[in-house]
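**Student:** So the chains spell out like this:
4 protein chains.
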Amino acid sequence: MENDMRKIGMLTSGGDCQCLNATMRGVAKSLYGSGKDFQIIGFEDGYKGLMYGDYRVMRPEDFSGILTEGGTILGTSRQPFKLMNEPDSDGNNKVELMKKTYKKLGLECLVILGGNGSQKTANLLSEEGLNIVSLPKTIDNDLWGTEETFGFQSAVEVAAGVIDNIHTTAYSHGRVFIVEIMGHKVGWLTLYAGVASGADIILIPEIPYDIDAVVEAVEKRNNSGKRFSIIAVAEGAISKEDAALSKKELKEKRKAPAFPSVSYEIGHKIQERTGQEVRVTIPGHMQRGGSPCPYDRVLSSRFGAAAADLIINRRYGYMVGINNGDIVNVPLKDVAGKLKFVDPQSSMVREAKLLGISFGTFD
Amino acid sequence: MENDMRKIGMLTSGGDCQCLNATMRGVAKSLYGSGKDFQIIGFEDGYKGLMYGDYRVMRPEDFSGILTEGGTILGTSRQPFKLMNEPDSDGNNKVELMKKTYKKLGLECLVILGGNGSQKTANLLSEEGLNIVSLPKTIDNDLWGTEETFGFQSAVEVAAGVIDNIHTTAYSHGRVFIVEIMGHKVGWLTLYAGVASGADIILIPEIPYDIDAVVEAVEKRNNSGKRFSIIAVAEGAISKEDAALSKKELKEKRKAPAFPSVSYEIGHKIQERTGQEVRVTIPGHMQRGGSPCPYDRVLSSRFGAAAADLIINRRYGYMVGINNGDIVNVPLKDVAGKLKFVDPQSSMVREAKLLGISFGTFD
Amino acid sequence: MENDMRKIGMLTSGGDCQCLNATMRGVAKSLYGSGKDFQIIGFEDGYKGLMYGDYRVMRPEDFSGILTEGGTILGTSRQPFKLMNEPDSDGNNKVELMKKTYKKLGLECLVILGGNGSQKTANLLSEEGLNIVSLPKTIDNDLWGTEETFGFQSAVEVAAGVIDNIHTTAYSHGRVFIVEIMGHKVGWLTLYAGVASGADIILIPEIPYDIDAVVEAVEKRNNSGKRFSIIAVAEGAISKEDAALSKKELKEKRKAPAFPSVSYEIGHKIQERTGQEVRVTIPGHMQRGGSPCPYDRVLSSRFGAAAADLIINRRYGYMVGINNGDIVNVPLKDVAGKLKFVDPQSSMVREAKLLGISFGTFD
Amino acid sequence: MENDMRKIGMLTSGGDCQCLNATMRGVAKSLYGSGKDFQIIGFEDGYKGLMYGDYRVMRPEDFSGILTEGGTILGTSRQPFKLMNEPDSDGNNKVELMKKTYKKLGLECLVILGGNGSQKTANLLSEEGLNIVSLPKTIDNDLWGTEETFGFQSAVEVAAGVIDNIHTTAYSHGRVFIVEIMGHKVGWLTLYAGVASGADIILIPEIPYDIDAVVEAVEKRNNSGKRFSIIAVAEGAISKEDAALSKKELKEKRKAPAFPSVSYEIGHKIQERTGQEVRVTIPGHMQRGGSPCPYDRVLSSRFGAAAADLIINRRYGYMVGINNGDIVNVPLKDVAGKLKFVDPQSSMVREAKLLGISFGTFD
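Chains as they are written, first to last, in the UniProt record's numbering: chain A, 1 to 363; chain B, 1 to 363; chain C, 1 to 363; chain D, 1 to 363.
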């Protein structure tokens, strides 16, 4: 009976990453193979597709062969969560538009793959009465409630690969190289990529740096006969001085920045004070792209299966996460709006310091 | 003062793997950078070097540039732990030979990188009064006391990469492909590589298979219009019938095996019963080799730093491990002789089944 | 006008390889973008699809996103070229079956991607009056008339990667490792992969080996303090003794081989005579699989464009090849049935010998 | 007899690349294995080491295990060839300094690995009477006299890999992505990386672009339903207008550029005129780094062996090159100061156009 068919909406939201397809495949394979009659409706370009009814009915074969493919077959966008509370250009309430599509299509639930902003919107929709299962997507690894997000380790591989390449050129030319890694608010990606590729100095938002300490670390390497230094800098790395400012003061100060990014500023100061040649490399968007690494494919497949499990059992309002190797279901309201930061006192940071890595501080 | 120099012995034992050098680098960088006066003595080819005094005094630069290099700069061997209790060819007691070298060189402690057999010997030496810090090396991930061993994720990458390559050829020719993955006693590597690369059937020692269920799984794919099936088989995969035998009966049965390995036996039966072309690929030793993946490099670096931390604080008799993301120190006596198996009831296996993966059983 | 539509058949034949999709994409993009009205008919599983009319009308989007994907979206098979002259199981003449489908569909020409056997059949069809454009597919690089075939360099990458991985384990354990590389009749793949990965000994069909020379080369390394040796052996490597036999004598001798493959035989002899531990690794089908390397993607794209160019200009009866960096069109009759062998006197072999690589000979 | 020892100087000059070590290993293995008594003197940091006598006597083991390692074990610098004719800071003539070291050390010849500038200096030294063998190093592939330079294909792999990664993110977000590839004067790297990774538009110095044609190509894709476009732009890409200026006029115009690089300028114009979101990625120095690809390792090993062959036979004044698959020796005076450009009428460009790739022109 047609009536027995359960219709599941699905969308990918926010910046893309390597494991969106692998995760959706996990959900789909588990639903289609459950022996129950599921239909998956894929919305295009994230919440935008949900608002304006841009969707297609997915076929099982649409999810075949995408385990190793980066990007998202559904497309994604950063809309509209930054302006969620403002009406759209036609004056419509965005949440109402989404609810309308959801109801019109007779969806039983929505599967949402997204990062911080997307989880917030997911929670909002959940509070509005929609059935939601969400999945923790982000190369930033900054979602509260899960030890790891999918996309993170794949991005670590890309970023570490960039530093590996830079390593040989830095060594050969005896230069200081700064590699700017994605991460405006948190430093997970920079920390892991930096340790993985033997960076000498790692600067992350959670540990404001002292430029004197950075320069000292470079000079210490020079004095010990090393020809070069590698510095992994998060996009959001911040100096002690700037970290002490109020939000307003900081905004004011950064109105007309003297450098295109924090890396150039740091590089300029190092070159000025050590006389050594400094180069900056910014891999940028390539950190989100390419084929997911096997570690991430396992994680994504498990996440996808676990999301299907929730759906099969009609348990809604959760984000799927992982903790200590086991899948966990975290209430959406606990996740929304919270960031998971690198703890400067953590085991990981402590070991990095033992290895001789400087975080740009004097302690 | 020369007297203040602390001499640390180091050796790598058992089958090689991708992160031995990265781990030793972690220990060395942390010791040399500690501000204390450490000297590292490297023994050649594992415990053999310790028995017969084959060693070299390491220089800090010996550990430079090896973070991404597979293998071990010290060499390794599987001797002598299989015959630890028998005298050597000259009639000497092996443990006594090791103790003698240790004392003659005035070592403060021994850093041992090894898997199961090696940890057992490490514990034996610890019980004999030597100061030991050990590190969990194995692509098998079967060491008790740590969630993960170094080498494991790198081997997963290699094995998953092999299956990825096989995937395109299986698809194009419409064949059944069996890939035999390392693991005589445990199935971690097969399980992770299989899930990572979208294997349809996974056979591991911990879950004895029923050949009827395997054939049914292949036929189910054929009936659903899939042209091919991929089967990841652990070296130690075992049928229900064989698993029911006593050790003695099994040994007797396997005296003159009809097939070179379990994969060929399974392949033969599938081809016989489905008529479909079956091919077997055995990547073998390449699973231990090549450059470690970034994930493993982070893990190894942390392990190395943590081992150095124990040494700096003169805390001996431990294997360094990781649990829930944090470093743990596990008493050697708790580790020795215990294997960590895949739990058939675990979250991971459960999710794999949700994904439609058959473990060759009818449940 | 419908009448103006030009219908082009396409098929992939023989063992699959990494660049079949990339090459077909090249043909398709160039045809569809030519401003003329082309329709591409894809036959399934090689000539079999042509014989039995298994085909689908391709859409432009079928060729999107496949540049980096291994395998073939059309499927392939080794049928029927080995038994081309025998009737099929229903007693039908195979060539007649193919001609019938060709005519029934109103094809203007056939694009055939294949290796040696497939080119022979392509020529046969051309002589029968069909319009043919063929493309040189093979990881063996043994097609006459083109400096390089697509698939070759990708297979070199895979095979060299296997030897790279083996390198670290050989070094760490001090063993002799034999890696058996695909190539029954020609040694291109073994030669290039061997030189690329620093093999010490390379054995190929074109240069019959003397086991005494092989053993001597291993011992020379041992005597010079190297702990290990790597031997790259082509599947079709042959000893001087066997090379001197007639075809009949050789067949007789190999009726009940003592070893599963030539590598095991060579390995056995080395271990027997040097006492050193020898291991054999056979990567097998993975050499055909995985993503094509960028070099091959360029070659394939160029080949595809050049094939389209021939079609657009209605020039038939050619295989597209490359010579000295430029595309060439080689008459099919010149290609069919000819193999391109490694010349033992070539620049490449000479340089390999200068590098100290032994080919298992005493000269 | 000491007298019989032949002393060979070696240096790497200019920007580093992936195959410097592999090439030096090729020279060294061939010399050491020749049965003659060679000593290799390695100069540090290029010609600088030769000027000031910074060198070390190399041991055979220094060249072991470096086949797959990027960078250069000798270090390199861009000095002094840009200011070859000016005296150094102490007022000394640079050529004289080099000749003095050469003679003082009793060198028989110098092996020079370098690109354009370095070959020019090599020729200068040759004209001054020094014995020179040079090797064609550059990721730019712009050296006259050789079909291919070492480093080029490895850089193609890196650059194509970057575009591959960008591809998935461009697709998912429906953006125009510009990837800026190294190459100030020539477009080989951009052309090959662009074709290899399916770029839609390729802009190189040899084919000045018309911004209207670029915009039209983007719009054509949009109109045909493609969500995204990928543009590979060489650092030295130039507009038709700028290409028409005199050197002086161009210099004047570029004094205070409105954009950090050509990519940003092009991106700005596309965004302005199409309204589509445009992003720029500049992989930069990573294109020179990392492990060489197997293709390049074969080429480098052959080049190295051929250079050794020249030395063994005391034939000096040549750069080693490759032509039509065979090694060639090109007189240094023919190489010096000449660049090899992409021919807009070449087979390669023609095929790229057939594939639908726009070069930013209306023809």
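Hints were generated in silico from the structure; no laboratory data involved.
Treat the hints loosely; a few may be bogus.
[To be verified] Below 35 Å or equal to it, Euclidean Cα-Cα: the simulated DSBU-like pairs (lysine-lysine) are: (1) B:K220 / A:K226; (2) D:K104 / D:K248; (3) D:K104 / D:K338; (4) A:K36 / B:K7; (5) D:K353 / C:K333; (6) A:K253 / D:K104; (7) C:K226 / B:K99.
All values derive from a computational prediction rather than experimental measurement.
**Student:** Next, verify each hint and record whether it holds.
**Tutor:** Here is how each hint holds up against the structure:
For the proposed pair B:K220 and A:K226, the alpha carbon gap of about 61 Å is over 35 Å, so the pair is violated. About 45 Å separates the Cα atoms of D:K104 and D:K248, which puts this hinted pair outside 35 Å; it is violated. A C-alpha spacing of about 32 Å is found between D:K104 and D:K338, which places the hinted pair at or below 35 Å, so the restraint holds. A C-alpha spacing of about 65 Å is found between A:K36 and B:K7, which places the hinted pair above 35 Å, so the restraint is violated.
The hinted pair formed by D:K353 and C:K333 meets the criterion: a straight-line CA distance of about 30 Å does not exceed 35 Å. Distance hint between A:K253 and D:K104 is unfulfilled; the C-alpha atoms sit about 59 Å from each other, more than 35 Å. The suggested pairing of C:K226 with B:K99 holds, with an alpha-carbon distance near 30 Å, which does not exceed 35 Å.
Checked against the numbered hints above, the structure breaks hints 1, 2, 4 and 6 and satisfies the rest.
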